[in-house]
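**Student:** These are the residues of each chain, in order.
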Amino acid sequence: MKGTHIGEFEELVLLVVCVLHGQAYGVAIQEEMKRQTGRGASISAVHAALNRLQKKGFVESWVGGATKERGGRRKRFFQATAAGRDALRTARQMRDHLWNLIPDMNTP
Amino acid sequence: MSVYPHSTPDPTDGSHPPSWADALLEGFCASDLLEDIQGDLHELFYKRAQQYGLGITWLWYWLDVVRFVRPYVLKRNPDFEEARGPIMWKNYFKIAHRNLTKHVGYSIINIGGLALGIASCILILLYVQDELAFDSHHPESERIYRIVEHRVEEGQADRHLALAMGPFAPALETNFPEVIESVRMLDRNSIGRFAIQQNASGYYEGNHLITEPSFFRIFDAPMQQGNPETALAEPNTVVLTEAAAERLFGRTNAMGQTVETDRWGSLQVTGIVSTPQFNSHLQYSMLISMGTITANEQIERFVEENWNGGSIISYIKLDERNDAATLGTKFSDFLAQYHNEEAQARRSFYLQPVQDIHFGSQHIEQERNASKGDRTYLFIFSAIALFVVLIGCINYMNLATARAMRRAKEVGLRKVVGARHQQLIGQFLGESILVALLALVIALGLVALLLQPFNTLADKAMTLSWEAHGAWLFSLLGIAFIVGIVSGSYPAFFLARFRPVRVLKGEVKASGGALWLRRGLVVTQFALSIGMIIATVVVLNQLDYIQNKRLGFNQEQLVVVDINSGASRNQFRTIKDEYSRLPFVEHVSASSRIPGEWKNILTVTTAREGQEPDQATAMQYIGVDPDFLDTFEIEMADGRNFSEDLAMDSTGILINETAARMMGWPNAIDQPLNILTVGTGGQARSVNFNANVIGVVKDFHYRSLHEEIGPIILGYWNNPIQRIDYYTLRVSAGTPIPTALTEIEAVYSRFDPDTPMEYNFLDARLNDFYIAEQRVATLFSIAAGLTILIACLGLFGLAAFTAEQRTKEIGVRKVLGASVGSIVLLLSKEFVRLVLAAFLVATPVAYLLMSRWLDNFAYSTSLSIGTLALAGGLTLLVALATVSYQAIRAAVSDPVKTLRYE
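Taken in sequence, the protein lines are chains G and P.
FYI, our numbering numbers position 52 of the first sequence as 52, with every residue one higher than the one before it.
Quick note: to get our numbering, add 1000 to the position in the second sequence (first position is 1).
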């Protein structure tokens, strides 16, 4: 079915969301990603990915936590859904499966 | 629009993200995504600012914003975004309706005022349009021209005469290809009246035209019966207008019938035309064929061959090139073959477009023009129309704006429940426009109702029709829209900006700007009203002055009977005796002309002893009998009156004080005066009559008060200057008119059984000089009344509103012990000041304008301070009355009730 595959960047974002475990919102996700993977994504890219994930049903979101730096604007927190976790697992399994099929990774 | 306060103090240096970038973001970002996206961006901004400094963070911010331009972020179709369209309209209608009916009084005043203003404006504009469209109904009327002569006279101002030589117009048609039609006419001025004997009675017809078949090819005269080509081709034929046909033949079909006349025998009716339209300068009762009068050889020569005269009314029509200017320059050369040098120097001709005749003929004499219009009056009326509609609109806007404040709570609530800014604007503007349109509809109804009375008043026959006035509808709709928008813009834009919290708490007050606007509007209204009142008072005063001014003679109770035949003239002593035998006749006099003459008073040239003929002075002349002075009650200043017994009196003359002054005679009695010529310029007839002065009369107005009193000679009837032409009878007061007339006519027909009696009441005819002014006076009075009415309506509403706003204040004051009087004073103070300001503004302007108008008259009242004060005082009184009603109502209200209003 279309839309149930997860893109590479999306997978990354989703993983970071799970890492942040309930504290995942735009800026935090961006910073954590940079910290953990060295991957510097723009905030808009992150948001776009989150939007796609939400459309596919892999994350759900809720609003809360306004701060002064945000001018009183609240944050939108994200959390992986069951479907999301499932997608991650499937992707990982698929990759492991392929890795196992390669005879020797050390020789070209 | 963001819901959040915009500035967020940064902990370190008070900087904030670039507001333009934010504005951009808010511009394109969907509202449900905006909050967290913008929040993230701001958070990043402050973090980066601390880490990397302000400069690069700014840039970075911009970059990030731009990179957010992605399809999913963009705002979607507003229709999906919130509840709009027909769903909300039902609610808007309901609220608008409730708003109107909750304060029916205000609504009626407001809408009524506006409707009244628009209706008046429409009526006046109809009038103006009718005036401007004079003579435009002739086919291709822009190509029709009247020939006018410009004549240079010695010692006098140049004259313009709407007459030409008989053969001129046809010669133009023959010799110039650009002239495609020509027509000539004669009327009673050139050829006199004639009598029609119909059944047993007869009467004088004076409104006829004698003309040629080309008349129908030039002018709009739809033929109901008969053939326009041939109707006027034969001699002794006549085409009647429908009105004349009905007058002469009643219900019978007039075609083919005969009209019996005294001068030309029987005329056969060969056609019936529609009665000429009201707004045409050419009015006539019937058209008689030219052949009828040219059967007389002398007249035929005069009309077809005489190049030296000038008594034929002539019109021509040009081809499509319509180049009147070029044609005009060719006249002089063309006429060289017919006019000698002297005539060429004095007489020149030009073309006057037929559509200019109505307004552009003030300087033209001897013309057949049914109604001379004055452009200045047209401007005045248009200005009045503008004023009235302006005041109506101002009123409406003022009151609507004031009342809008009441709806602040409604606005607050709507915002809380989720109305978008645009929705609110749309609601208020829409409501306001709708009400303005409603006023428009009512106005149209008013116009339809008032059109007939207005027609009677303005002496016109205007109608509303789609072709003529359909275009107006668009302009009117446009005006209604503009009024709606402007008056709705205050609540729409101002109220919609409020913070819901403040509004619901009731902390909202009218801003200073709105208050000044309202004040300015009231002042404008009343300034206009005061101006109108001043103008009206001046006009009425002047009219009153004219009608009652001592004319130097007693114009009342005078019946003037025309002398129309030798029979009437020759036995005048006997006739006078018979008249005086009638019990109600106090005096009878015979004269050649009468004071206030509506034909021309004769001009003669005179010379004193020792004066050369070229130093001659022109004077007016009336031939009188010894009873003249008594009949008219003119006073003598010096010398004596004529006497029947003294034979030498036939060379005696009376002159008026002005003449004596002009001749430089401190004692005029027995001074000789030579009357050189009768008439002036080309038509002068040399008489060389040596007269001597036997008396001086006090100056009297022998012409309209528009003109100065000039020098005039009263000569004895028996001298060769001018024959008697009228009998004037002074009838004692209280005599019933019909009986008097019957008896006078009995005497008349005993001596002159052939001609019908023509009579006039002198005072009525004198009034005719001032018809234009009378009409102006009436229209001005009505306009003034209207403007004041509308202004007061507005003031009434405004006063009520202000009083209501201050109910609490008044309640408190009363509790603290203020008297009713002091409260009324308090509430009225402001309005009185405004009216005074209006007075100061209006008075100088009105004074200037009205002084100019009064200059039209050689004799006029003065514009006194009294008049100005009267107008101002009147307005103030009315304004006070209006305001005080509301003020008193508020002042006597029960403080308990008002203070309880929480």
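Derived from the structure by calculation, the hints contain no laboratory data.
A couple of the hints might just be wrong.
[Claimed, not checked] The calculated DSS-like cross-link candidates involving lysine-lysine, where the alpha carbons are at most 30 angstroms apart (straight line), are:
1. P/K1094 to G/K68
2. P/K1409 to P/K1102
3. P/K1094 to P/K1409
4. P/K1102 to P/K1698
5. P/K1808 to P/K1698
6. G/K55 to P/K1075
7. P/K1047 to G/K34
8. P/K1075 to P/K1102
9. P/K1829 to G/K68
10. G/K56 to P/K1075
11. G/K56 to G/K34
12. P/K1549 to P/K1698
13. G/K34 to G/K68
14. P/K1698 to P/K1576
15. P/K1102 to P/K1576
[Said to hold, decoys possible] Here are some of the chain G residues that sit facing chain P, going by a computed Cβ distance under 8 angstroms:
16. Q23
17. G26
18. V27
19. I43
20. S44
21. A48
22. N51
23. E69
24. R70
25. G71
26. R74
27. Q79
28. R85
29. R89
30. R92
Quick reminder that beta carbons are idealized off the backbone N, C-alpha and C, glycines included.
**Student:** Now tell me, hint by hint, if it's right for this structure.
**Tutor:** Verification of the supplied hints:
1. P/K1094 to G/K68: Answer violated: P/K1094 to G/K68 is near 43 angstroms, above 30 angstroms.
2. P/K1409 to P/K1102: At roughly 16 angstroms apart (the allowed maximum being 30 angstroms), P/K1102 and P/K1409 satisfy the hint.
3. P/K1094 to P/K1409: holds (17 angstroms)
4. P/K1102 to P/K1698: Answer violated: P/K1102 to P/K1698 is near 72 angstroms, above 30 angstroms.
5. P/K1808 to P/K1698: With a Cα-Cα distance of about 73 angstroms, the restraint between P/K1808 and P/K1698 is violated, given a limit of 30 angstroms.
6. G/K55 to P/K1075: holds (17 angstroms)
7. P/K1047 to G/K34: holds (15 angstroms)
8. P/K1075 to P/K1102: Roughly 40 angstroms between the alpha carbons, so the hint for P/K1075 and P/K1102 is violated.
9. P/K1829 to G/K68: With Cα atoms ~52 angstroms apart, P/K1829 and G/K68 exceed 30 angstroms; violated.
10. G/K56 to P/K1075: holds (21 angstroms)
11. G/K56 to G/K34: holds (24 angstroms)
12. P/K1549 to P/K1698: holds (15 angstroms)
13. G/K34 to G/K68: Given pair G/K34, G/K68 holds - Cα atoms ~24 angstroms apart, limit 30 angstroms.
14. P/K1698 to P/K1576: Status holds; Cα separation ~26 angstroms.
15. P/K1102 to P/K1576: Distance of about 78 angstroms is beyond 30 angstroms: violated.
16. Q23: Violated, because the Cβ-Cβ distance from G/Q23 to chain P comes to roughly 14 angstroms (cut-off 8 angstroms).
17. G26: holds (4 angstroms)
18. V27: holds (5 angstroms)
19. I43: For G/I43, the interface hint holds, since the closest Cβ of chain P sits about 6 angstroms away, which is under 8 angstroms.
20. S44: Hint on G/S44: holds, closest Cβ of chain P at ~4 angstroms, below 8 angstroms.
21. A48: Cβ of G/A48 sits 6 angstroms from chain P, so the hint holds.
22. N51: holds (5 angstroms)
23. E69: holds (5 angstroms)
24. R70: holds (4 angstroms)
25. G71: At about 4 angstroms, which falls below the 8 angstroms cut-off, the nearest Cβ of chain P leaves the hint on G/G71 intact, so it holds.
26. R74: holds (6 angstroms)
27. Q79: Violated. Min distance 15 angstroms.
28. R85: violated (23 angstroms)
29. R89: violated (27 angstroms)
30. R92: Violated, because the Cβ-Cβ distance from G/R92 to chain P comes to roughly 28 angstroms (cut-off 8 angstroms).
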